[in-house]
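Chain by chain, the residues run as shown.
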Amino acid sequence: MRRPPRIALLGNPNTGKSTLYNRLCGLRTRTANFPGSTTEHQVGACALNAETDAEIIDLPGVYSLMLEIPESRLCRDCLEGRIADRRPDVALLVLDATNLIRNLQFAASALHREMPTVIAINMADVARRRGLSLDERAASRELGVPVIAISARTGEGIDRLREALALAAATEGPRHQPLRPLPRSEVGSREAVRWAADVFAEIASHGRGDADDTATLHDRLDEAFTHPIMGLFVFAATMAAMFGAIYWLAQYPMDAVDSLFAWIGTGVEAVMGPGALRELLVSGVIGGLAATLVFLPQIALLFFLLALLEDSGYLARAAFAVDRVMRRVGLPGQAFMPLLSAHACALPAIMSTRLIPNPRDRLATILVCPFMSCSARVPVYALLTSLLFVNAPLLAGLAFAGCYLLGALAAFVTAKMLRTTALRGPSTPMVLELPEYRLPSVRTALAVAWERALLFLRNAGTVILSIAIVMWWLSAYPKSEADPASDALRERAAVIASSAPDEAASLESEAARLDERKQQAGSFAGQLGSALEPIFAPMGLDRQLTVAVLTSFLAREVFTTTVFVLVGAGAEANGEDTSTLETVRTARRDDGTPLFTVPASAALLVFYVLAMQCLPTVVLVARETGSWRWALAQLSFMSILAYIAAFATYRMLA
Amino acid sequence: MVDGTPIKIPLSQLGRGQRAVVECAALDALPADHKCLLAAMGLGESCQLRVCRPGSPCIIQVDATRLGLPRSLAEQILVTPLDDVA
Amino acid sequence: MIDGALPLGDWQFWGASVIAALALVAVIRPLLPSRRPSRACPKCTEESDAPAKPRRAELTIEGERPR
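As you go down the protein sequences, you meet chains W, A and F in turn.
Residue 1265 is where the first sequence starts when you use this note's numbering, and the numbers rise one by one after that.
Residue 118 is where the second sequence starts when you use this note's numbering, and the numbers rise one by one after that.
Residue -2 is where the third sequence starts when you use this note's numbering, and the numbers rise one by one after that.
Bound conformation, chain W alone (with noise of 0.2 Å):
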């Protein structure tokens, strides 16, 4: 069977790349790493006609294929067959009809690579608006090869580009020569402009369009956006606005997780017997399940804005006005995207960090992006301030802000002292191309939401999972006897059943919230948590938090579930129950001392803002780096950090 052709799409940034991507491949797109190369691609199939599938592989946008930089390496090696042993079949140049003189010579960079092209010049109806008119038949006579005008964001000419590599995937033979020779010389080159202009005389025209009153409206957006007063104030309101309208939005789709997995987790209980099996269903599968799943609405949700606020072209402006800030604390205004998007999932945050052109940079974001509050994060801060701050919902909020800027602050500590430590040395400075405002598409939103999502899902989601089955097993095993005080509880309950019912049932809860207890304390997690509990203890917890403390090492999520299944209110209770959290707040220790003081509340709310628990964050730091010694320096700081935090916090409260 013949394998499919692959298509290797490239052009400069800003071109429209991506929503051509999106509007060629849809859903079908996955992440691939092919052998040669360093990095992951998407790589989309797209239906070129009714006989032909192709693949198309996302590169990264680049100014010119002969820089020295990962991504025109990137590029280079893709075209040269040096990824997957194999060339693309062709050559899917994008060009921004707007901007056409800086990428006709990046067209001519690409035509000296003598394979089979295919050039959509992009944005065409911004073109025409602008009273500027494209001639294809001339451009395709000037370049060699065909040139379809499209418009990516709307469809126009999408049919016919995809007969044009249909075509150009099927020929075989000499190719057409362009009219005039290429040039010899680099992008930017006066040879290669010189050739851009006389090939653009030929191919398009000037007529009458819109007037051009937009210089001075984008003159001006750009002073009020990278000032440095209301640069800022602009961006602050901004991600105030974007952040509320996330916790807003997601609460419906994140209680539509929780109802449902809570439904199916009733129905597995109707109709499976009792038993270990059921158990592991409930506890184990379904709850790990909800655990990773009730956090996609939130990290979709941010991705969707960012992209969103990306396409309109205002991000670019404001990473100038954070630029000022972040250079202070010795990271680069390119480093704000990672940052913001850990507030997420610090997975997609620290692979962002690619874009980042300095290594000293990059490797100061990286290391420093756990710090920020992530999607995880967010039921605990929920659980620990509401038992801190209980009927003052607006102090709770407070601290819930409080620790946002916590965790913000202690990445910029880090970042300023490892500049000046152990990445000391000078940071490129940041040089962007401002892209112009425009209306930005939903259609390329999703499809960056939908990606994000995949992402988290495939590196955080079978780990999540994997670790709710390892801990319920953990906890589950050894057996214990049940609790002499529960048996004297459930003899008091069968004299009293019939006069009085419902004190009876409140024995028979509290018998089995003490069997659960012991069962907790006898199992191989309760064993290991009596062992670690010394270490522990400075910071005010019990032997029963520590084990919740532990298991959440690997995945914070956890945390939550643990600790209302130590204190009997159920793996599935809803951290916002009220009645949850009076049991929560009510609960004791073995000694019969209130289980969450306001010393040891505030000890774990600072230790959970600090402390780096997340496997597959770990892991990842390790494959991006290179290197486990900075995945396990970065695991090893913020763990000793959390810790003298959380012991002086205690300390000071106590």
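By construction, these hints were calculated from the structure, which means they are not laboratory data.
Since this is a predicted model, take the numbers as computed values, not measurements.
Built from N, CA and C at the ideal position, the CB exists for glycine as well.
Some hints could be false.
[Said to hold, decoys possible] Just some of the chain F residues that point at chain W, by a computed CB distance under 7 Å:
id	residue
1	Phe10
2	Ala23
3	Ile25
4	Pro27
Model the placement of chains A and F on the given structure of chain W, informed by the hints.
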């Protein structure tokens, strides 16, 4: 102009709206990787630019490309101002 | 192991334990190195005849791996 010779000044000294031409060898003071990148982005020799926003960042428009540069880079790029355009 | 505290006679216990063991493998697997060096050449991999594959990520500082 002084004695018929065009004056070359750092880009950072231009004001808002001023146009200029990037001089030959004006980018040679920059590190090689910056020079190549800026050229590939459109800021090459003999190109004409307009200052949209002076200061830091220095925002310039070269043809249809709008670039943001730190002041430290703008100070190293020599340009010849063109006559004031309204 | 505590006598009589693991329900060894319960087939469901064994089923659940097998699943938990597989889950433990899933947790540990990303932490393990992807290739083991041979004794003859500690710096070589099992695919020593193939061209050296670059590491998954290249993060160096001035050409050197960071300390």
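Evaluated hints:
1. Phe10: With a closest approach of 5 Å, the Phe10 (chain F) hint holds.
2. Ala23: holds (4 Å)
3. Ile25: Not OK, violated: Ile25 (chain F) not within 7 Å of chain W, min 9 Å.
4. Pro27: At 4 Å from the nearest chain W Cβ, Pro27 (chain F) passes the 7 Å test, so the hint holds.
When each numbered hint is compared with the structure, a violation occurs for hint 3 only.
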